[in-house]
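Asks: What follows is the residue order along each chain.
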Amino acid sequence: MGDDYFEWTERLFDPGQLFAKPEALEGVRVVEAAHIIMGPVNADYLGEFGAEVVKVELPGSGDNMRYVIPDGRPWKNGNPAFFNVNHSKYHVGLDLHRPEGQALFRRLVARSDVLVENLVPGTLEEWGIGYRALSELNPRLVYVADSGFGQWGPFSVGRASYDGVAQVASGLAAVSGFPGRPPLKIGVWIGDYFGAILAAVAVLAALEHRERTGKGQYVDFAQSEGLIRTMDWTWLYRDQAGRDRERSGNRDQAIAPSDIVACRDGMIAIAAGADDEFRGLAVAMGRAEVADDPRWKTLDARLRPEANAELCRLVAAWAASRTVAELEALAARHGFAAAPVLDAATIHADPHFRHRRAVFPVDDGVYGPLADAGPAPKLSATPGRHKWTARPVGFHNDYVLTRLLGLSREEIRQLEAQGVVGKWADRPGAKPPDGWAGEGAVFS
Amino acid sequence: MTDVAREWSEWVRERTAPTTVAAKPEALDHLRVLDVSRANFGGLFASSLLAEFGAEVIRLEPPGGDLARRFSPEGRMIGDTGLAYLVEGRNKLATTLALETVEGRALFQRLVGRADVVIEAFRPGLLDSWGIGYRQCAAEHPGLIWVALATYGQFGPRAPRAIPDYDVANQALSGVVFATGEMPGSEPPEPWEVPTKIGTWMGWYAAGAWAAFAVLLAVRHRRRSGLGQLVDVSGAEGLMRLANYNLVWHAMYGKQLFRVGNVDLGIYPYGIVKTRDGYAFLAGFSDVNFRALCAIMGRPDLPEDPRFRTFLDRARLENMVPLKAEIERWSSQHTGDEILAKVQAYRGAGIVATAKASVPGEVLVEDHWRERGALTVVDDPVYGRLLLQASPLHMTETPPRVKWACRPVGADTEFVFGKYLGLGREALAELRARGVV
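In order, the protein sequence lines correspond to chains A and B. Using the working numbering, the letters of the first sequence correspond one by one to residues -7 to 436. Using the working numbering, the letters of the second sequence correspond one by one to residues 179 to 615.
In isolation and in its complexed conformation, chain A is listed as follows (with noise of 0.2 Å):
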């Protein structure tokens, strides 16, 4: 045994089976009445393990992610940011002001398993479709709200949000950063892209609860609380030191060493933690005695600020001089820890990250081939994919309006001169592919 074991790895995650696999969440319909960017990946990573999400969107417009282009730069008339959070979902272009709009919301959630909004807390209740309505309806909902601050407290009153709200708000810029500057924005909507896994794994909880009662329930989650469960010791470190945390860059302070260094050919980060790895360190700097030093010699005194900071520098002035390619091959036969610093134009290019279908590509019935982060959690027997992905506003109000609601041709058509239901308007963002001829359509 053990010999072979990436060889029977490599067959039980075999990439070319990943479709003949079943789907955790087949049979589980979520209905998305979200826009921007917590609510929608809130959805997308149910969808990417198997659920049916049905994404709501006004008609025309659809959701306001869609003109947050990057670089003001459509691709094919869709946004690159909005297909992040948009994979394999059902699009429908359906009116939530709207009466007639709320009465066919009310019948598709009737016939759904969850419910995710990421709206101003009390809108949905506003329209008379709000959590008792439909939970009236459907006992066995899960529904989700995310928000900023929660659906309750003072801060949850009329005060807008944004991922960078939350950043700020938590804290976690205050503890990002270089000593002596300002506190740093981290570089992606991390408040809202991890909270939409912290509300997934509720969204789930949920669930099993209600395989074993058959009761759904209701889930507040706030993306800022969700940021400050994250922030490890900062908050024991307070209480107990009696000052708050402080910057410290890349040198971790409650592991050493642990920090990001500069070699002659780019950024690697380099981390010892065990006294056996920093002892293979040492040995890889060819400064063996360094790992029998007392100021050093063991983790908690490598954990002295002063020491910390010597011992990372002593680090980096070695590094500096060698390739992150020679410091990765160290690192694997000294058994430390060291890794590069990685831009998307590397991950994409990466085999091991292709392989493992971190890069995830899709030949996409109305967009051609893209590549998109894949599912992260690699499962063996029901492992996540995207099968399309995003679409424009209503691409597939036909096939959800007959399939689920069982309209006919002639009501839906009704319903699209009332403008009740709609497709999308004429605008990069909504609308598909300059002649596009039907290429990708479902059911129409």
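Just so you know, the hints here were simulated from the structure itself, not pulled from any lab data. The beta-carbon is built from N, C-alpha and C at its ideal position, and this holds for glycine as well. Hints may contain errors.
[Said to hold, decoys possible] Computed spacing ranges between beta-carbons, pair by pair:
no., chain 1, residue 1, chain 2, residue 2, range
1, B, Arg477, A, Gly278, 55 to 63 Å
2, A, Pro297, B, Arg507, 31 to 39 Å
3, A, Glu281, B, Gly404, 56 to 64 Å
Since the structure of chain A is provided, determine the placement of chain B on it from the hints.
Replies: Chain B alone, transformed into the frame defined by chain A:
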């Protein structure tokens, strides 16, 4: 706020307030989890999430304790345990077992037979080479769900050349570090003008959150098929999936995220600015919202400036920097709280979002977080009074909760080994003498 919204808010508060939590059922109190991870806060956060939902989590640490107990700022310890572990020891039972010994491995296999989920973070293939990996255990227990955490995962060309799983390595590989940090510009570059990690252990916490999510997916599949599975979690890939449109943008246009400090790639105003008492975040990037911000600042001239006129003008990096300077001329005259008050008092068209950049001590005293119970105090019989973050998931039926903070190394070995393996005091004394527990 309308009456409907106010009444709704009150309805949720009554059903999810911290005082209502303890009396409610737990969603996962039918699951038993063995967390045998070492030196890994990805594994620990995963088992924390499950334990908060009621799963019985049994920690199997090496005799002497998990190294994770020593990952603590300044090496600060309370008794045998550091601050980071005290946060993630919640609701878990603490046992020890030397997997390096033959006897330890046999006991491990017996415990696995009584468990639903195993969480481990050993070098990929190590437990397999000891005969106690998923492959061997699943042969006897096909319903077993097994989570393995490793930076490069369990398969793929790079997997066999594994490195120890660390937060900083996961962050570096994810693309997030490349996209975070102050803009380059100085010549020679200042030491802080480099790709910068998220200050906290997000490369581990992302792994842990995905691992818990995957466990629940697998539990659902097992309910239908009777079969468990192997779950392979890489913290690097976990964070990669949180890195915006980085990869798809590259696939479309060959473009990618890069670091721009406290402005933004693609939208502005959306960033951190100087205030009289520190820093604050301010956003108003669409045309109507930008006009609102300018009205609040008393600068109706700014939207007329050709550099700032349209959404796309403001989205150009070379225009963001002067616009930030214009905003700071105003914001640096006011405190973060004053800016919030001015934003909240604005009644015109458009929406501006702001919050001061709170340091941890400021977050702790906010009424909002106190009322919602974002942090909780546990009076631990061993470790004393501990301030810990609570679960942010406010649920009406099965709210997650913190029941106890942390158990000392090996504190529950007798209870667990007695309950599940029938090993009593004498048997354990012999195992202890041989260094197995």
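Asks: The structure should be examined with respect to each hint, and the outcome stated for every one.
Replies: Consistency of the hints with the structure:
1. The hint said 55 to 63 Å for the Cβ distance between Arg477(B) and Gly278(A), and at roughly 59 Å that hint holds.
2. Between Pro297(A) and Arg507(B) the CB atoms are about 37 Å apart, so this pair conforms to the stated range of 31 to 39 Å.
3. Here the CB-CB span from Glu281(A) to Gly404(B) is close to 57 Å, well matched to the stated 56 to 64 Å.
Against the hints set out earlier in the document, no violation occurs for any number.
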